[in-house]
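Listed in order, the protein sequences are those of chains A and B.
Under the working numbering, the first sequence has 322 at position 304, and the numbering climbs by one with no breaks.
Under the working numbering, the second sequence has 350 at position 295, and the numbering climbs by one with no breaks.
One or more of the hints may lead you astray.
Here are the simulated DSS-like cross-link-like pairs (lysine-lysine), alpha carbons at most 25 Å apart as the crow flies [claimed, not checked]:
#1 K155(A) with K192(A)
#2 K192(A) with K171(A)
#3 K332(A) with K276(A)
#4 K90(A) with K276(A)
#5 K124(B) with K192(A)
#6 K264(A) with K332(A)
#7 K171(A) with K364(B)
#8 K174(A) with K221(A)
#9 K124(B) with K174(A)
#10 K221(A) with K364(B)
#11 K223(A) with K308(B)
#12 K223(A) with K124(B)
#13 K264(A) with K155(A)
#14 K88(A) with K356(A)
#15 K221(A) with K276(A)
#16 K221(A) with K308(B)
#17 K308(B) with K276(A)
#18 K90(A) with K171(A)
Which bits of chain B does chain A cover? Going by a derived footprint, with three or more residues having C-beta under 8 Å, they are [as the list claims (entries may be wrong)]:
#19 121 to 135
#20 171 to 182
#21 348 to 360
FYI, nobody ran anything at the bench for these hints, they're computed from the structure.
Just so you know, even glycine gets a beta-carbon here, dropped at the ideal spot from N, CA and C.
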Amino acid sequence: MNRLKILIIFILAGVLLAGCVSKQPTEVQPTVPPATTVQPTTAPQTITLNGAGATFPYPLISKWSSEYNKIKPNIQINYQSVGSGAGIKQITEKTVNFGASDAPLTDQEYANVSGILQIPESIGAVVIAYNLPGIQKGMKLSGDVVADIFLGKITKWNDPKIVSLNPGIQFPEKDIIVAERSDGSGTTFVFTDYLSTVSPDWKSKVGKGKSVSWPVGLGGKGNEGVAGLLSQNPYSIGYIELAYAKNQNISYAYIKNKAGNFIEPTLETTASAAAGAVPTLPAGDASWSSVSIVDAAGDNSYPIGSFTYFLVYKEQTDQTKGKILAEYLWWAVHDGQKYSSDLLYVSLPNDVISLNEKTIRLMNYNGQPLI
Amino acid sequence: MDRPKLSFFRISRSKFSGDLIFEAVVGFFALCILILAFLLFRELFVESGLSRNTFGLGFLTGSTWDPVKEVFGALPFIFGTLVSSFLALLIAVPFSLGIAIYLSELAPDRLRTPLSFIIELLAAIPSVIIGLWGIFILAPFIHDYLVPPLSTYLGFLPLFQGPMYGPSMLTGGVILAFMIIPITSSVSREVIMTVPTHQREGALALGATGWETTWIAVLPYARSGIFGAVILGFGRAIGETMAVTMVIGNSQKISESLFSPSNTMASVIANQFSEATSSLHVSSLIEIGFLLLVISIIINIAARILVWKLLRVEGGGRA
Chain A
19 MNRLKILIIF
29 ILAGVLLAGC
39 VSKQPTEVQP
49 TVPPATTVQP
59 TTAPQTITLN
69 GAGATFPYPL
79 ISKWSSEYNK
89 IKPNIQINYQ
99 SVGSGAGIKQ
109 ITEKTVNFGA
119 SDAPLTDQEY
129 ANVSGILQIP
139 ESIGAVVIAY
149 NLPGIQKGMK
159 LSGDVVADIF
169 LGKITKWNDP
179 KIVSLNPGIQ
189 FPEKDIIVAE
199 RSDGSGTTFV
209 FTDYLSTVSP
219 DWKSKVGKGK
229 SVSWPVGLGG
239 KGNEGVAGLL
249 SQNPYSIGYI
259 ELAYAKNQNI
269 SYAYIKNKAG
279 NFIEPTLETT
289 ASAAAGAVPT
299 LPAGDASWSS
309 VSIVDAAGDN
319 SYPIGSFTYF
329 LVYKEQTDQT
339 KGKILAEYLW
349 WAVHDGQKYS
359 SDLLYVSLPN
369 DVISLNEKTI
379 RLMNYNGQPL
389 I
Chain B
56 MDRPKLSFFR
66 ISRSKFSGDL
76 IFEAVVGFFA
86 LCILILAFLL
96 FRELFVESGL
106 SRNTFGLGFL
116 TGSTWDPVKE
126 VFGALPFIFG
136 TLVSSFLALL
146 IAVPFSLGIA
156 IYLSELAPDR
166 LRTPLSFIIE
176 LLAAIPSVII
186 GLWGIFILAP
196 FIHDYLVPPL
206 STYLGFLPLF
216 QGPMYGPSML
226 TGGVILAFMI
236 IPITSSVSRE
246 VIMTVPTHQR
256 EGALALGATG
266 WETTWIAVLP
276 YARSGIFGAV
286 ILGFGRAIGE
296 TMAVTMVIGN
306 SQKISESLFS
316 PSNTMASVIA
326 NQFSEATSSL
336 HVSSLIEIGF
346 LLLVISIIIN
356 IAARILVWKL
366 LRVEGGGRA
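So here's chain A without its partners, still in its complex pose (with noise of 0.2 Å):
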């Protein structure tokens, strides 16, 4: 009896010990599929694709894995949704094959990571919602009015700039609840980019980011949150994204282009916004950190939207897998575009596509293209 406890005492201790030992080899050497990689057409092994990133469009991505197991069943695509921050850290790390943003990387950014291309995967649109009691959908706003607001300028609903943007509308006398995300988020940055476009004050005094250093308001977490206090407060405006506020019902507002109409945020005069922004687009290997479509030019373009990027390297170091990789981008950016709608996002647009083309060849392994 006491030997067979020694014995299992000594097993248990081995087991420790090997645990601890076996660690290291496994941290050097990242999974590859044993020596049959030189012919992949012959080996139908299931390989896995790693991407890690942006929340936003995680459930596109997520229908496209999917979708695109059904055409190929032996490859098999995981997307973790840990946030921009976390996916441009993993890909910098090259931990994952692609890394996904909402934000086109910063020049710093950009700088740390040698021969990454950017490509537009879909395109998001935020609204300026609210809960005014009396007041529908269809409530009118500039660029400024905005800006005002959300700076703690315009204080109450019966302001003579939102008034005068409304004619025949009866506003309250009532003190504007500002809610905004607390979460560092792609939602957020494109709505300061906004801002800070429109509103000379709103740069010099906040600017852009993910994160900022609001002047008023409350913060919730996720576009819940934000969606939670405007839903609890009346009198309340803020900022979240179009497919949640179509989802949900939230009332929201239009706003003023820079051809002066006042637009209803929709798929359609999103991705009439991203056109008018081709001309001005880099290539996919340049630094994408000025790119942005908000406030963008043409009659029909609602001002507050942004792409949202895939991020892989120029330079594959795996044959096969990067192979299966640019195979699996010139999908998402072809046919499943066609997966959008559905979802509430917005598909590219053509020229946005044969932007596309053009990045996807420039990705290589050992100087061939893989596709």
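On the provided structure of chain A, position chain B as indicated by the hints.
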């Protein structure tokens, strides 16, 4: 005090080798935790180096937190953490003491076990669920029923001035109070139960009523242990993240009014870490984590020392 150190292989020499291995294995497990704690501490310290070098002690006193201009000061978060935790204690301590006294002194035996079980079960509710309850039930309740009388009758105090929108320092404090009542009350109950029966009997023999017995003989005897329990609750309140984030309003303004939104150290880390990309931003968030760890360690050590003192010196046989 001079309890003989019991060692397995001292009692039973015949099983020498097996017990030695046993000691080594369990000792190794214990050591793992120590090493882990040390690594955690070291990692936070090293990773916050950039922020410490950039801001120095000004990090503790700066009240601007601006990720765009890369100016970081932790004061609003330290303020929010301490105030919301104190507020939670203010609410939770009377409740916890009441629960502890009832369960240890007054409750009939058949109620005691199920009641303490239910109270401890409160601690098992995931904090995100408490947070959701906070958003949908507690915040509107406070807004509709608690704030109007407070601002009417106590509105002359700066604490209860200004508009209240639901999420606020007050809501955060009340949520935290709910979350620390289980630990504070169960530790207090344990401590009160260590008070020797002869204390109670002595008081009763002198003609004290039940109330007087508790007040004069039991509570003073257990005071340092109860204080320890309170500090344990405080430690829990300081580190609590999710539920507070959901109801505190996440604003970086320092305001004297409890109706204003505020923010805590744990909340700002939870909110901003995943999307922080600039290295100074990340480093500053890690420094907040480091500060939080240091504060928690100090508080927990203080609590342990107080509880030990009671159990060893005053609790008699229970040590």
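Here's how the hints hold up against the structure:
A distance of roughly 19 Å separates the Cα atoms of K155(A) and K192(A); the hinted pair therefore holds under the 25 Å criterion. Annotation: proposed proximity of K192(A) to K171(A) holds, straight-line Cα distance about 14 Å (limit 25 Å). Restraint check: the Cα-Cα separation between K332(A) and K276(A) comes to about 36 Å, which exceeds 25 Å; the hinted pair is violated. A threshold of 25 Å between alpha carbons decides the hint, and for K90(A) with K276(A) the separation of about 44 Å lies outside it, so the pair is violated.
A threshold of 25 Å between alpha carbons decides the hint, and for K124(B) with K192(A) the separation of about 33 Å lies outside it, so the pair is violated. Proposed proximity of K264(A) and K332(A) is contradicted: the alpha carbons are some 37 Å apart, above 25 Å. Note on K171(A) and K364(B): the hinted pairing is violated, with a Cα-Cα distance of about 57 Å set against a maximum of 25 Å. Between K174(A) and K221(A), the direct Cα distance comes to roughly 23 Å. Compliance with the 25 Å bound is thereby established for this hinted pair.
Of the supplied pair hints, the one linking K124(B) and K174(A) is violated, its CA atoms being roughly 29 Å apart against a limit of 25 Å. Annotation: proposed proximity of K221(A) to K364(B) is violated, straight-line Cα distance about 58 Å (limit 25 Å). Distance restraint check for K223(A) and K308(B): the Cα-Cα separation of roughly 16 Å lies within the 25 Å cut-off, and the hinted pair is therefore satisfied. Restraint check: the Cα-Cα separation between K223(A) and K124(B) comes to about 10 Å, which is no more than 25 Å; the hinted pair holds.
Taking the CA atoms of K264(A) and K155(A), the gap is about 11 Å. The hint holds against a cut of 25 Å. About 16 Å separates the Cα atoms of K88(A) and K356(A), which keeps this hinted pair within 25 Å; it holds. This hinted pair checks out: K221(A) and K276(A) have alpha carbons roughly 18 Å apart, not beyond 25 Å. Among the hinted pairs, K221(A) with K308(B) is consistent with the structure: their alpha-carbon atoms are about 20 Å apart, no more than 25 Å.
A hinted pair counts as satisfied when its Cα atoms are at most 25 Å apart, and K308(B) with K276(A) does not qualify at roughly 34 Å. Our distance criterion of 25 Å between C-alpha atoms is broken by K90(A) and K171(A), whose separation comes to about 56 Å. Here's how the region 121 to 135 of chain B fares: 4 of its residues keep a CB closer than 8 Å to some CB of chain A, so the rule of at least three is met and the hint holds. With 0 residues bearing a CB less than 8 Å from a CB of chain A, the region 171 to 182 of chain B misses the requirement of three and the coverage assertion fails.
With a threshold of 8 Å between beta carbons, the proposed coverage of the region 348 to 360 of chain B by chain A is violated, since 0 of its residues qualify and at least three are required.
Hint violations for this structure: numbers 3, 4, 5, 6, 7, 9, 10, 17, 18, 20, 21, all remaining hints satisfied.
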